[in-house]
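What follows is the residue order along each chain.
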Amino acid sequence: MKTIEKQYLKPISVREALTYAELHQPRFRFIAGGTDLLVNKFQGNEDSLCLIDLNGVDELKSFTINHDYLHIGALVKLDDLRKNQLIQNQFPALIESAHAAASPMIRKTATLGGNILCENRCTFYNQSEWWRDSVGYCLKCDGDVCIATGGTKACFSNFVSDTAPVLISLDALIEVIDSKGVKTIPLESIFTGDGIHPRNLAPDAIISFILLPIKDKSKTIFKKLRPREAVDFTSLTTSVTLFESNRLKLVIGGVDPRPIIVEGTVTDDPAELIKQAVKKCRIVENAYYSRSYRKEMIRVFLENSLKEIQHQ
Amino acid sequence: MNIRLGATSDGILSVLDADIAIDGGAYGSFGVVTSYYNGVLLQAPYKLNNFGFKTYRVYTNKPQCGAMRGHGAVNSRFAVESLIDDISHQIKMDPVELRMKNFLDPHTLTVGQYRITSNGSRESLMKVSEQSDWKNKHGKLTLGHGLGVGCGFFISGSALPIIWNELPQSTVHLKLDFDGRVLITSGANDIGQGSDTMLAIIVSEVLGIGMDRLFVLAADTLLTPVDLGSYSSRVTFMAGNAAKHAAENLRREISEAVSKQKNVAPKELNFMNGQIFSHDKSLELTWDEAVTMVTANRGAVTVSGKYISPKLGGDFKGAGAGLSPSYSFGACVAEVKVDIQTGQVKLLNVWGAHDCGKALNPLSVEGQLEGSWHMGIGQALSEEMKYYNGLLVNNNFLDYKIPTSLDTPEIHTNIIETNDPEGPFGAKECGEGALHPVIPAIANAIYDAVGVRVTKLPIRAEDVLELIKLKEKGMVQA
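Order-wise, the sequence lines are chains A and B.
Using the working numbering, the letters of the first sequence map in sequence onto residues 1 to 312.
Using the working numbering, the letters of the second sequence map in sequence onto residues 1001 to 1478.
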């Protein structure tokens, strides 16, 4: 039998990374902080043979301002966001959300790009190989039934990024580079809503920069539901942004395979906005808190956020 | 579990009846012991003249369970202390005062004939109620903010071995060689609690020599004597007593050798600060000089010490359950904030006090107490084994929710020292007993904060919220 060779490559530029990707497709993965990917690998949910480590790509570690946008390199560590003066002044909720992720040690390794792309999670998916084997594999790991719901059609693994809801509510764009070229798209446009394939990015796509509009003044309230004050993944994340133009953007994570977005204005009836938001979330019994509690907390979190944001 | 507690209108507890079933998993494991502990360990720290319990251990399709800190009695203690809180509200008596009225005295027997020796219950409760400003805060804080109290007690080593045998419960050997070093061998396992240090402290105290001359060799079945093990909070009490007995035997050997050569009565000799001297100091020897006298023409001196529990308990069926040569006592006050919109509980402070007899190694005692309270906090608020078709769902430290440092409040630690007549230098256990009061203290604080009585562990935000809503609707809690 032929031994399968595993490879670890460390490019120093995006161009080199894409070349490696082409050589090793389809069984390769880009790795940045690795705090999500390696756990999934350890549990047997990630089986690529080649890891292309982006940590040597220095061009993706900078903060720059360009055309009314703050460009944050995708390789910026979660812990380093707070060191940027502009983010501190204008987007404190982004720092808050970055610090709601994981633990101090992990935040020194995990990157902003990686957090946005954090794999969807489910009680029945994030388990060891033998655990999933004995329970029966679910839809997300090539099985034929969703264990959380008993259904066979849809996977409801949760979108759990802490920073993405804040970035989306701030109208963030991302710059994506793949073999076809460079494009700048709204962050929210990459999420498919399918728990098995939660993002529509090509396998060789690299998020190079996250772009935050700095001209449009705004306030954001971030909230995260979890049992402990550190380490835990979210059971519900909300980010509510109020722009100077009186536009409101509500983003909800942790309760659906994708971030849920509801837009309105301050003159809208908050109860109506919340009702719309709750209706969009496909919550099932697959996280630490029960379905009904998470559903109820969406209302509580959004109500409080909308109150706080107008009194700030 | 179904527990009934009766009290007179002036707050004297009169009857306790418990009916408890345990989901124990697929194998027996410690099942029998756990089953009787959850009942019999309710007969203190309060005087009860009428007491009974029934217990069942049910075999289920889950992994077997064993002992965890506070073995068996932790959950039923939560129930009893919650009931006491309930009674105190019903008869409008301060829960601290009610407990003070009902504590067993030192040197007494419980209803099931446990021999209570030293008892620091009152001192412990007084300490935490003073420190937490209980009188000015309990029942007087704003909605969502509360203070709760709980007490507890635990065995200081099981008096009866699980596997019946005639061996001493602990044996310690000492070997003194011509160079003045003493080798301590013991089967007691140092599992991080510091039992090796404890053995050295005791031998050092008896022989009056520094720790630099003492060497501990522990838990090597090839070289060390039999010890029943590190469980049931028994090591300081039992291995400690065996070490003390061994050191006294060695001291007698040395005294006799010195006495023969120097013509001084053995009982005239003192061992202190590396010296051996007579009462009137007419004889003063260094440790090394004395060692030369005892090892000359003889070689190394080897002695043994042991501990065997005295005969304890009544002569009725089941009287052997929970017997211990001594018991530890303690109290906790917890301060919480409860978010009435989400049911989330934030623990702000824990004041704890524990009677460990004489604290032989205060730093290590403090560590044990804080460890117990921290573990209790987890058990109270977040730790839980979840199953799916008999498989553990949260079998890792991401999903099994041990409180992080951010979830752990300020812990105010108080070591309450009593002098136990039978413990080594008056010492008792401090490894498990401290845990018992902290869980009900947290639950009672939640009652003080929002007026709901949680009867399930861990206390989950969603359950608290559900109860708050029921209360708002004016519905009676089941």
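It is worth saying that the hints were derived from the structure and are not from the lab.
Yeah, the Cβ is synthetic: ideal placement off N, Cα and C, and Gly gets one too.
Check each hint, because a few of them may be wrong.
To be verified - Examples of chain B residues lying across from chain A (beta carbon under 8 Å, computed):
#1 H1107
#2 T1108
#3 L1109
#4 Y1388
#5 D1407
What the hints assert, rightly or not - Computed footprint of chain A on chain B, listed as stretches where at least three residues anywhere in the stretch have a Cβ under 8 Å from a Cβ of chain A:
#6 1319-1333
#7 1392-1401
Earlier hints that do not hold, by number: 1, 2, 3, 6
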